[in-house]
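Protein chains: 2
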Amino acid sequence: MSSKPTSDIFLRLEKTGAKKVALQFPEGLKRKACSFATDLRERGYEVIISGEPCWGACDLDLDLLKDADILIHYGHAPVDSREDVLYEYLRRDIDIEALEEVLPHLTKKEVGLVTTIQHVHQLPEIKEFLKKHGITGLIAKGSERTPYDGQVLGCTFESAKNTGADEILFIGTGVFHPLGVRLATKKRVVAFDPYTKKAEIVDASKLLRQRFARIEKAKEAESFGIIVSKKSGQKRLDIAKRLESLSDKAFIVFIHEVTPDALLNLGFDAYVNTACPRLAYDDQARFPKPMLSPQEFEIVCGVRDWEDYEIDQII
Amino acid sequence: MSSKPTSDIFLRLEKTGAKKVALQFPEGLKRKACSFATDLRERGYEVIISGEPCWGACDLDLDLLKDADILIHYGHAPVDSREDVLYEYLRRDIDIEALEEVLPHLTKKEVGLVTTIQHVHQLPEIKEFLKKHGITGLIAKGSERTPYDGQVLGCTFESAKNTGADEILFIGTGVFHPLGVRLATKKRVVAFDPYTKKAEIVDASKLLRQRFARIEKAKEAESFGIIVSKKSGQKRLDIAKRLESLSDKAFIVFIHEVTPDALLNLGFDAYVNTACPRLAYDDQARFPKPMLSPQEFEIVCGVRDWEDYEIDQII
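Chains as they are written, first to last, in my numbering: chain A, 0 to 314; chain B, 0 to 314.
Note that these hints are calculated values from the structure, not bench results. Honestly, I wouldn't trust all of these hints.
[Stated by the list, open to error] Mimicking DSBU-like on lysine-lysine, the simulated pairs with C-alpha atoms at most 30 Å apart in a straight line are:
(1) K216(B) / K14(A)
(2) K31(B) / K234(B)
(3) K229(A) / K18(B)
(4) K14(B) / K240(A)
(5) K234(A) / K216(B)
(6) K205(B) / K216(B)
(7) K248(B) / K240(A)
Build the full structure now, drawing on both the sequences and the hints.
Next up, the structure:
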């Protein structure tokens, strides 16, 4: 599998006329910051580096723009467009022929195609491959947060819903994205991991059982902290205020980095998460108290039925 | 030992005319947030709570003022004065007679008196007590960050320096404040803990040996991250820029909460701390790499001699 940057970042930077450059890298790539900063300094730029934890383009370190002309955000595609932020992410080419593995799992003549940003440029090739095998791949527009056709995020699955297909093929790694596609579309989902070259049918029933148990536990809570993020693309104060109005026991709590210690020290019996949706679904095991999604809190408050369960998305 | 709040916070709040109130508590008191918020809501206020870690009044959660009229900061005295922040801290009365324990340790007829905010209101009584025993207590003004005469912070020891005395009596708990007084004044320091009622002579030689070892280790580093805080009373970008200019291997890194994970992920060989001074002195054992004070980095860069070692203060 080969990887290549999206473009020449030095050329794009030069065009902006910026002299003071701020750099932000996600956790797994942060070690590149020092050598990238050295390169920039040798080209005459002043450089500052963000040391904040960073998990997505919803988490821009805009504070740095007080002391810099432009922010280079590395590793993620834009979820919103800003003139003072340059995004730099990697494309990774997958082995199209390995999709042979998927074919026995597909049951329809039409299949919706979705993937994450690294592979989205290959969706036309994937569609072509399927066509050779008599299957029509449908690639749809998503929301503004997923500007590339067929692109999904861990919190935005609109491009999957918009295909209109009864079966979805997700190409990418990890379990959360395909689970999200499954819950958001309620369709049959086949997930193909281009690294292991394995395909499987996505089953969300275990996750739903776990969520049901958390909802039941949260019904005993005497106090709820409704978490609002300060991050650029995660602040959903309106939703938080609506949820707060559902219960006298609920208070709004602003947190930038949601950590087990922060929740323990605050001492609420349960939390409702309006920040990154994955905090509730993915990180529950790390947290000392139930962490509900907005829709799950609605179930606790009796304004939504379990039968109307929906996955939380930022669209 | 009795404790009482500084004033009626509800009365002070009413006078401001604020309707939307943000609350901030330090870590050890965060659990009070929910009941305080309930009280405020019953009095007709809208309330939001800061879930951020908080270690001092240098760490105001000013972001909350985007969504609130006023911030109540609990547990610390002001380090700067702002119209949109109300400070609420506790006074704790100590047993003055227990200072008998101190008398055998004092060697001078004049002694400088310093303490932390909880006890500062009792300095006149302490002075009176010493006078009865033939000792003149000297209480001096500090800096703007320590508005009460004789007050010290973990990062500001000016009131101790300004007494002009050759011997200082520190009243309070913990080892760091008296060590700071000793290093900042270079005078003989007696520390009296009003809880254990024990007095002792302060010896900073172990801390200095540890710092010397860190400086030696940092001399091997190929890269330095110069940490700049985003916190309201800890951002020292000018100092950071001056330090950056001392070495081609140094880059400025902005961090809000300095954690071991953040430093590990960034991957610098050593760090220089311009945020809360105690991060270098108190928290070194938590960090995976040497964390130097600004003055220690100057020693590494050869622009300061070890003999001119000074403790880092924010004045």
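**Message:** To test your reading of the hints: which numbers does this structure violate?
**Reply:** Numbers 1, 5, 7, in rising order.
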